[in-house]
Structures are given as C-alpha cells and as structure tokens.
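Given the sequences, and given the hints that come with them, work out the whole structure.
These protein sequence lines map, in sequence, to chains A and B. Mind the numbering: the first sequence is residues 1 to 472 in our numbering, read in order. Mind the numbering: the second sequence is residues 1001 to 1433 in our numbering, read in order.
No wet-lab data here; the hints were simulated from the structure. Glycine is no exception: its CB is placed at the ideal position from the N, C-alpha and C atoms. Be aware that one or more of the hints could be misleading.
[Stated by the list, open to error] Chain A stretches covered by chain B per the calculated footprint, using a threshold of three residues with CB under 8 Å from any CB of chain B:
no., segment
1, 184-192
2, 195-203
3, 363-372
Residue strings, one per chain:
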Amino acid sequence: MLTWPFLSGDSMQPTTLLLVLIVMAFIAYQLGMRRSLAVVGGKATQLHSLPSYHGSFVALVAFIPAFLVFAVWQGFEETVVTHIVISDLPAEIVAQEQGSISLVVSNIKNIVSGAVSASDLSPVLQQASDQYLALLAKSKAWLTAVVLMLSLAGLFAAWRAVNKDARTRNWVEKVILVFLIASSSIAVLTTLGIILSVLFESVRFFGQVPFADFMFGTTWSPQTALRSDQVGSSGSFGAIPLFVGTLLISFIAMVVAVPIGLMSAIYLSEYATPRVRSIVKPLLEILAGIPTVVYGFFAALTVAPLIRGVGANIGLDVASESALAAGLVMGIMIIPFISSLSDDVINAVPQAMRDGAYALGATQSETLRKVVLPAALPGVIAGILLGVSRAIGETMIVVMAAGLAANLTLNPLDAVTTVTVQIVTLLTGDQEFDSAKTLAAFALGLMLFVSTLILNIIALYVVRKYREEISV
Amino acid sequence: MGAETNSTRPRTIDIVNAGMAKRHAAEWRFRLYGKLAIAAAMLFLIFMFSSIIYKGHSAFVQTFIGLDITLNPEKLGLGNHPDKKALAAANYSGLVKSTLRDMFPDVTKRKDKRKLYKIVSTGASYQLADLVKSNPDLIGTQIKIWVPADDEIDMLMKGYIDRDLPESDRRVNDQQIAWIDELASQNRLENRFNVGFFTNGDSRDAELAGILAALSGSFFTLIVTLLLAFPLAVATAIYLEEFAPKNRWTDLIEVNINNLAAVPSIVFGLLGLALFINWFQFPRSAPLVGGLVLTLMTLPTIIISSRAALKMVPNAIRDAALAIGASKIQMIRHHVLPLALPGMLTGTIIGMAQALGESAPLLMIGMVAFIVDVPTSVVDPSTVLPVQIFLWADSPERAFVEKTSGAIMVLLMFLVAMNTIAVIVRKKLERRW
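The following block contains the structure:
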C-alpha cells in the first residue's frame, strides 16, 4: 500500500508526503519549544509546563489531524475512484462481462498497471483506465494540498497558543493516555475481529450447507463442481472424519506427551540436582522453540518412513502418512508445555505438605504420588488441557506428515486428515470467495476457535482457582 | 498392654521393615521413570538434530564442473561490436552445449547428446551470460569457468545415488557416470562452497535454488512485526500495569490477552485473510500483511513479558519520582520505563523468534508462493524461510531434501542467535532488586 508503480504523477507520493509530515512535526517541536522559552525570556521555571511539552504540543497538533486525514484518504481512495469509474461505464460493458463488476475492475487495473495492453481489450476499457489514472492523480494532488494545509494551520494555531500559563503538559499527557488505552484495546479488537470474520463467513457457509450435515455428516469431499452439469462432484461437507482424525492424532500426541512431560517435571523439580536441572531444563525448552515446520519435516521424512519400515518388518501395513507418525512427533513438541506447567504447579505445593508426609515415614515417591500430585492435580489437568488445545490447533506437523484422505477410522496406522489440514488445503491456491469450498474452511476455523477457546478458558480458570487455593 | 500381647501381635516396626524392600524398589522404579522420561526427550532432541545435520550438511557444498569455453563470437551469434542488447540475447546455452560436445567428441547420437547436456545445470548459460555482459572484452578468448553440475550429478557425487544399483533404478545412467568419472580424472570436478544457496531465490532446479528471497521476505515481515508489535505491546503493558483501574473493561482485556496467547496460529491466518486481504484489499503474499498477522499473534507474548518487567520495578522508584513532583507520565518515561526496558526487550526478541519460525498463518495469506526474485519492499510478493522449508519439503527431487535440511539449519541458527541475544540482554542489563 505504500507505493504503487502506477501512481507516479506530479503530485507527491504517499510515502514522501508522510515523510514531509514527520519533518513538519519535528520543526513544529523546535518552534514550540523556542517560543515557550521566548515568552518567558529564557526563564523556564516561570512556565507552567516544561518547554519540551510545549514543543510536543505544537508537534502533535501539527501532525495528528493531518495524519488522520491522510490515513482515511489513503484507505478509501481506491474504492471511491473505482466506484466513480464503474458508475461511468456504459451498461453494456458490465452486461458483457456477465454482470461481474470485479472482473471489469481487474481488467481496468491490469491496463493501468501495464500488465495487459489495452489493445487486447475494448477501447471503452482503455478510456476507463485513463479516467482511473486521471482521477487518482487528481485525488493525490488534493490529498497533498489538504494535508499540508491542515498541518500548517495546526502548527500555526498551536504555536500561537503557547504562552506562560498554557497547560500543555496536561494536554500532551492526555493524548499519551489515549494512545495507551487505544493500544490496550487492540487485544479485545483482535478477538472481536477473529470472531466476526470467522462467524460471518461461517454463517454464509451454513446458508449453503445445513449445520446438521456439517456437524454429523460422515463423508468429507469438498470438491464442488465447476459447472452444474459435471458429474460426481457435488461436494459433501460432513466433518465427522476430520473431527475424529484430529482427536485421534491429538490423543496419540497426549499419550506421548503427558507421561514424559509429567515425569520429567517431577524428576526435575524433586530429584534432580541443581546442576542437572540447570542443564536439562533449557534443553527441554529448546523443544518448545523449534519451529513446527521443522517437526513436520522430521515427521514426514524421518519418522514416518521409520514406522512404515518397522511395520513392514513385523507384517503390519502402515500408511505412508500414518496418524501415528504425526501424533508421535506432535507429542514430542508438546512435552515442554506439559513439563513447564507441571513444574510450576508442583513447585507451588507448600513444603509443609511434603514435610508432613516425610514425618509420617513416607518415602519420597510415596510423598509425591499420594500427597504432592493429588494436591497439584488441578494444575496438572489444566496443563494437559492447554496441551490438548495446542495439539488440536497444530497445523504444520499434520499438513506435512498427515494425509489429505478423510478416512473415518480409529486405526493409528491409517492415514487420517485433520481440521487444520483441511483449512490449509481449502485456502491455499486460488479461491473464489463465494464457493462453499472456501467458506467451509471458515466453518472449520470456527469449530477450531470455539473448541480451543473453551479448553483455554477452563484451563486458565482452573489454574487461577488452584493458585488461590494453594496459596492460602 | 502386657508383655503377652506384645509377643502374639507382630510389632509395627516389623511390619514396616518387612515392606521396606518393596517400598524402596517402588521408590527406585519411580526415579527410573523420571530418568527415562528425560532420556526419551533428550534422545529425541539429539535424534532430530543429528538427522537434520546429517541430511543437510552437504547442502552447503556443491559439485562444480570446470569448462574451458572459447568465447567464439560466431557461435554466440555476435557481430564485431555488440551492444548490450545483443550481448543479452546471445546464444550462451548453445556455446555451453558445443563446449560439452567438444569435450566428448565420441558422443554423436541425439539422445546421448541430450543426456550429456544434462550433466551441467541450466544455470551455466546464465552464469556465462553474466560474465560476458560484465566484461565484453573476454569475447574471443578462452576462459575456464566453474559451473554447477546438475542436481542429479551432485547427488551422485555426494553418494546419495548408489552406483551399484541397476541402471533402471537410478536417475543417472551408466553413460553419464562414465562421463563424470572422466571429468573427475581430468580434475574438472570440484566440491565447492555453495554460494548460490545464500545468494539465489527459489528455483525449480535444485542446484540453483537458494534461500536469499525467503530470508529477505522474513526480514521485511519481521521488520513490520517489530515496528508494530513493540510500541503497541509496551503501551498496552504500561496502561495495564500503571494506569488501569480494576474494572470490568480491564478484566476483559486481561482475559483476552491470555486467551489470544493460546489461540491456534492458523486462526490468525483466517483473520488476516478475511480482514486484511478480503476487506482492506491489501496485496496478497506481501510481507506487510504477513507482518500485520504476526503482530497480532506475537502481541500477547510481548505484552505478558513487558508486564512482568514493569512489575519487577520496585514501587519505591515510583514514589520517589512522584514525591519530587514528576507527573505520572514523567515518572514512567524517565524512571520506570528505562528500568523495565531490558526485560521488555528480552520478551520482544523471544516474540520475534516465535514470529520468525511461524508458517501456518502465512499460508492463508498467500505467502506460500514460488518466489525467484528477491523482494525489496514490504509490498513485493514474497515468502518466508519456514514457508520455503515447507515448499521444498514437498518437492520430490532428492536434492531438495538436502536443501530443506540446509535451510532448516540456517533457520535454527537464526533462532539460536536470537535466543542467545535475549539471554545476554537479560543477564547483562536486567537489574535484580
């Protein structure tokens, strides 16, 4: 969005304009600071606010309104210009393209960017693209004029307002506080954005495919026909095989991760010498820092052939993209989550409880199994839930190591597919945004978001509750 | 309690002693499970790293073939004083082919000739073209250049293709092996450092494929992420720690941040696709959009660690600043923030490392593209290093396995470097109170 190759005109480039605005703000800062010192004859102590606040005040007034206009203008410029060009097009052109405006627009833009020579298309489109360019140039010129005027006017007015008693510090600090509040709202806006974008597309999907068919159907073959007279590919969106596949792989992962993660946490926090602990803990954390694409590569090219080979040796028929390989490697990935969360909760169990058990003559492992672990259980369970939510949402390992075949099976040696694999498959490559195929990805995304959200909320609630109880 | 009962009833200490062996065995077993669990995790780590290094170490060297090329202007199709355009259009691949024919004059059949041409990478003619274009005076002279061998030949030389297999099971036939052996005996085969791996973009030919385009894409994506995420996260942390009143709104923000930290990354990809690409009509495959998506994804990480850093600053500092008449903002800017900054930087570096390794959400916004040209701005189509690894891992050629492992090693090196910097920042700059 910063520079488009075809925007070169006589008026200023958006980036240049932005730079000019920033330079103006710097100048405004200097001017404001000097004026504040000048009005009191250099005795800064007589001012209500420090000179730097006066400077910041003038700079902010010169910058913020102009920048807001700039940003809004940039955001809507193309839409507005395109709209004007389209509304001026003769009706038969639109009709000729079977009423699809977006195609016309992309044709015009192709001519504008020089990707397609206009002679290949109709002269009307050439005319439209000329108009498009002219309008854009005009818009740029106006933008430059308006923004610069606004900035200068702000600078001048603020500069005039600087005097001995001007409470610019209060004003500047208020602006900073507004910025802080706005920033902290982004977390909420992001969640809202996720919910809205996923929900909106899902509702459109469920308009085409009934909700019950999606939730309880047992066949998944999202290939819809390109033409209505094609045979055999009507598309069916029963997501049960995906849910089962996801749960199967997650289950295998947890079977690997929970015992290893929990036992290593217990050993590290209760038995290991500080030296061993200081070496092993960072090594375990390395597992958490390895990008998932690396795990995926390892699962697909090393673990899966290994399992297949072992299977062949003992007479088992293992699919080359078996759920076992993906689940195994995913389990290893989740070990550090389980172990670090368990470590936290085990350490949070008060020493008095251990001492009590020792005083009764219990051995260390008896203390751990009968006193510490039951006390830490809610926290451990919360850690496991977070691990499950990781496993369900993990993408790269399954995309690379699990298959695309939507088999409804519980056999870990078969190939299964998962929700995330299907989202990636449906959304990579070319997409038209209205087909059920593309929208299905958003429905799957909704399921994924909701289920992980529920798991996370339960886990976070349990952890919080547990901390409160244990600290009493 | 008389002496009689004592003799008939077993003493408690005896019962305890009788069970001791069993209990100690249980204790020993329990410890063993713990050791086994750690050993399993460590073994896996070692197994994974060694398998990647084993597969990838050879990606950094490559087989080159030395060709004595006579830059005959006639064969190049050039006149006496060729201009730039003529130089660019000259028939370099023809010259490479004729040089190969001259080296093996007994190859006459068309099919065999084609096999012969195949031992040299298609990049050879581009290499020759660049050389001649930068130095036209070479025309007419004989030069010796080292050009990359084809990836199958490279695999053969590195021992990944077994010479003892029957010919039909090999990608390199007997004749090609004979040529290669002859080249080797003439000292025309050399294993050299694979510079192209670091200076080229992606390519369909494994011997020409490099990671520079992906590295550059990662760089621009991370720059966007850093510029957006760091100020926003610090501002959020300051607001929540220093200003926020305890009410429903701030509670909501806190719950949201904790939840976002655990939302699957692919969901951020869906958000990016629906919001930035379909709604705002941002260009697809651009680091700008990738950076925006990764910003939203890494924000919680940086916010959480920045808040921890702010919490570490003792209240006495705040009180002292306020007591001498600083406003709250001045107190934060001049005293609290400088003290908390190392902790915030540590969190930011770790967040950036996370963003560097992330690939799933970027697949959604079209950064999964075949990128040959190195991107030079945040709106150029690009891919990132992890996605490049994903793409290469999908390629069927044997040579790409090596490239993928090599790229993984580079990626891991960057991550190790970033985490080391984070540790150093924490150790050197962070103050303990």
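Out of the numbered hints, which ones does the structure contradict?
Per hint list: zero violations.
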